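Student: Chain residues, written in single-letter form:
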Amino acid sequence: MWEQVRSNRIRSVVLVGMMAALLLVVGYLLGEAFLGNPIGGLIIALAILLVLNLVAFFQGDNIMLAISGARKITRDDHPRLYNIVEEMKIASGLERMPDVYIIDDPAMNAFATGRDANHASVAVTAGLLQALNRDELQGVVGHEIAHIKNRDVLLMSLCGVLLGAIVILAWYGSRMMLFGGMAGGRRSSRGGGGGGGIIIIVAIVLAILAPILAQLIYFAISRKREYMADASSALYTRYPEGLASALEKLAGSKIQVKGANQATAPAYIINPFREKGRAAADLTSTHPPISERIRILRSMAGGASLVDYDHAYRSIHKGGKPVFSTATLAGTGAVGIRAAVPEAAPAGREPGKAERTREVSDLMWRMNKYDTLTCECGTKLKIPPDFKRSNVKCPHCGRINNVKQR
Amino acid sequence: MVALYVVLGIIVVLLLWFVIIYNGLVRLRNQMQNAWAQIDVQLKRRHDLIPNLVETVKGYMQHERETLEAVTNARNLAQQAIGRGVGAQSQAEQGLTGALSRLLAVVENYPDLKANQNFLALQEELTSTENKISFSRQYYNDSVLGLNNKVQMFPSNFVANMTNFKLGEFFEVEAPAEREAPKVSFT
Chain D
31 MWEQVRSNRI
41 RSVVLVGMMA
51 ALLLVVGYLL
61 GEAFLGNPIG
71 GLIIALAILL
81 VLNLVAFFQG
91 DNIMLAISGA
101 RKITRDDHPR
111 LYNIVEEMKI
121 ASGLERMPDV
131 YIIDDPAMNA
141 FATGRDANHA
151 SVAVTAGLLQ
161 ALNRDELQGV
171 VGHEIAHIKN
181 RDVLLMSLCG
191 VLLGAIVILA
201 WYGSRMMLFG
211 GMAGGRRSSR
221 GGGGGGGIII
231 IVAIVLAILA
241 PILAQLIYFA
251 ISRKREYMAD
261 ASSALYTRYP
271 EGLASALEKL
281 AGSKIQVKGA
291 NQATAPAYII
301 NPFREKGRAA
311 ADLTSTHPPI
321 SERIRILRSM
331 AGGASLVDYD
341 HAYRSIHKGG
351 KPVFSTATLA
361 GTGAVGIRAA
371 VPEAAPAGRE
381 PGKAERTREV
391 SDLMWRMNKY
401 DTLTCECGTK
411 LKIPPDFKRS
421 NVKCPHCGRI
431 NNVKQR
Chain H
627 MVALYVVLGI
637 IVVLLLWFVI
647 IYNGLVRLRN
657 QMQNAWAQID
667 VQLKRRHDLI
677 PNLVETVKGY
687 MQHERETLEA
697 VTNARNLAQQ
707 AIGRGVGAQS
717 QAEQGLTGAL
727 SRLLAVVENY
737 PDLKANQNFL
747 ALQEELTSTE
757 NKISFSRQYY
767 NDSVLGLNNK
777 VQMFPSNFVA
787 NMTNFKLGEF
797 FEVEAPAERE
807 APKVSFT
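Quick mapping for you: the protein sequence lines, in order, are chains D and H. Each residue of the first sequence is one higher than the last, beginning at 31 in this note's numbering. Each residue of the second sequence is one higher than the last, beginning at 627 in this note's numbering.
Hints in this document: simulated from the structure, not taken from any laboratory. All figures in this text were calculated on a predicted structure; none of them were measured in a lab. We treat Cβ as the ideally placed atom computed from N, Cα and C, and that holds for glycine. Check each hint, because a few of them may be wrong.
Some but not every residue of chain D turned toward chain H, in silico, with C-beta under 10 Å [stated by the list, open to error]: (1) Ala-77; (2) Asp-107; (3) Tyr-266; (4) Arg-325.
Quick list of the computed label-pair ranges, beta carbon to beta carbon [stated by the list, open to error]: (5) D:Lys-434 / H:Ala-731: 38 to 44 Å; (6) H:Leu-746 / D:Ile-198: 48 to 54 Å; (7) H:Lys-740 / D:Thr-409: 36 to 42 Å; (8) D:Lys-434 / H:Asn-702: 44 to 50 Å; (9) D:Ile-242 / H:Leu-634: 33 to 39 Å; (10) H:Asp-738 / D:Asp-392: 21 to 27 Å; (11) H:Glu-795 / D:Phe-88: 19 to 25 Å; (12) H:Val-732 / D:Cys-427: 50 to 56 Å; (13) H:Glu-795 / D:Thr-409: 47 to 53 Å; (14) H:Asn-742 / D:Lys-434: 25 to 31 Å.
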């Protein structure tokens, strides 16, 4: 495992370096095109780069959590989710328990974020909590914990912020060139003669290509990391079917995550974007195709180790490159798959879909500071936090109930 | 003169190699001991949950006194085994796991109990604690495997022998059924 972490770190540095270089080139060309001074553009780009990286490093996780509207929960809010995260923390050997967040969103998705293993958070949507059973949720949480353990989380926040900056710069750059750029163009062509025109063309082309290029760099590695996180999840849970069936449910869901954008997309367990009403399985840019991820997990016959995942991957990608380096796989033992339900847990003891839905909706009411009041007829009344009157009439039986004063 | 430098150089390289291997071994041993501490935490948690469970369940299950007593006894045995080594402890915990799963199997016959909020919360805690025990055991055994590989394999076995590193002891699987791959039956 450690060899993998080390090679990941080298790749991360290369990747962030490439993105940074791209940002600098964009800055240089925009400076040349608009300020008539490429060095000025370069310096501005450098300053932006520095600030962005500092922000991403120290606040990347908070930004990500705030954008997605995630709220922190404690063990008492949702014991099952909290326990599952703790189980996966133990299975992966993480030293610190990650913070657990819930996103009030009916879409099904999850992500992990943070600077390193000691500053990490896991967030899942309410829709996911409702739809998945224990084994499936464990698979998804295992995947997210693997992103923390494999040190993908820092890379994701650094790249996300850089990508965002390049997209914004290029967008403004291209708008300025199209609509307000004539003045700048005239100035530089007067100063530099024919050379200015060529640079303007290069700048326009780059402004269009840079975001695509940045995303390509990003995806090249984020895809492989998804496979690696899937493999680690299977290893931690000893139960590839859990994640496989969770992915199946996620793929079938047609609701899009509200608080996701281009820059944060790769952090989610599946691509949060989909065309209206279309299943997520078709759109696959940041993530490997879901159907393929499911097929690999399901063909892990006989074991849950990284070696087994590698075999399964290569049986589907005929002649493809292995997911893991031989150094990673050396010295890992055979690992069996556990039985479907955890030991000492006979089937049928788990809360069903209806109970899970009630559990999650109660939690959401509580988190939005609604009070619950049970009328004598059994109806549960939800009292909003800004409710002023001292009593409320039950809509079901007409009894007058007193409201606790807050 | 040159020969002296060569010899000195070789000695320095050997020393460096020794230090690196030795530190690697120490790291693996610490990881293993830390993993063992994790198992311990979870086993204690299970011991703490059982009196609560028995108390909650007792009122509903008058006819299952033997099952309940078996759980309590198994818990006491497991508590006595603390500190007697990995082997003894894993055997006692194996008994407790068996008694608990028998108890949870008969719960199926008591619908009232299954509707009890207190019991449901306890059940989630117990399920999760069982999972945490098996996950921490899993991680512990992986750590033991890592250490044992280093202690036995060439060339780190030289350093291990010289500094008297011992092989780690595996925490055995609890039930024979766990060793077998799941069987799918179409009935």
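Student: So, for every hint listed, does it hold in this structure?
Tutor: These are the hints, each one checked on the structure:
1. The restraint placing Ala-77 (chain D) at the interface with chain H is violated, with a minimum CB-CB distance near 41 Å, outside the 10 Å limit.
2. Proximity of Asp-107 (chain D) to chain H is violated relative to the hint, the smallest CB-CB distance being about 13 Å (cut-off 10 Å).
3. Evaluation of the Tyr-266 (chain D) hint against chain H yields a held restraint, the C-beta minimum of about 7 Å falling below 10 Å.
4. With 10 Å as the threshold, the beta carbon of Arg-325 (chain D) stays out of range of chain H, its nearest partner Cβ sitting at about 18 Å, so the hint is violated.
5. For the pair Lys-434 (chain D) and Ala-731 (chain H), the beta carbons lie near 42 Å from each other, so the given range of 38 to 44 Å is met.
6. Against the hinted window of 48 to 54 Å, the Cβ-Cβ separation of Leu-746 (chain H) and Ile-198 (chain D) comes to about 50 Å, which satisfies the hint.
7. Between Lys-740 (chain H) and Thr-409 (chain D) the Cβ separation comes to about 24 Å, which falls outside the hinted range of 36 to 42 Å.
8. Between Lys-434 (chain D) and Asn-702 (chain H) the Cβ separation comes to about 45 Å, which falls inside the hinted range of 44 to 50 Å.
9. For Ile-242 (chain D) and Leu-634 (chain H), the Cβ-Cβ distance of about 58 Å falls outside the hinted range of 33 to 39 Å, so the restraint is violated.
10. A hinted range of 21 to 27 Å for the beta carbons of Asp-738 (chain H) and Asp-392 (chain D) is consistent with their spacing of about 23 Å.
11. In this structure the hint that Glu-795 (chain H) and Phe-88 (chain D) lie 19 to 25 Å apart at CB is violated, the actual value being about 43 Å.
12. At roughly 40 Å, the beta carbons of Val-732 (chain H) and Cys-427 (chain D) sit outside the given window of 50 to 56 Å.
13. Roughly 59 Å separates the CB atoms of Glu-795 (chain H) and Thr-409 (chain D), a value that falls outside the hinted 47 to 53 Å.
14. For the pair Asn-742 (chain H) and Lys-434 (chain D), the beta carbons lie near 26 Å from each other, so the given range of 25 to 31 Å is met.
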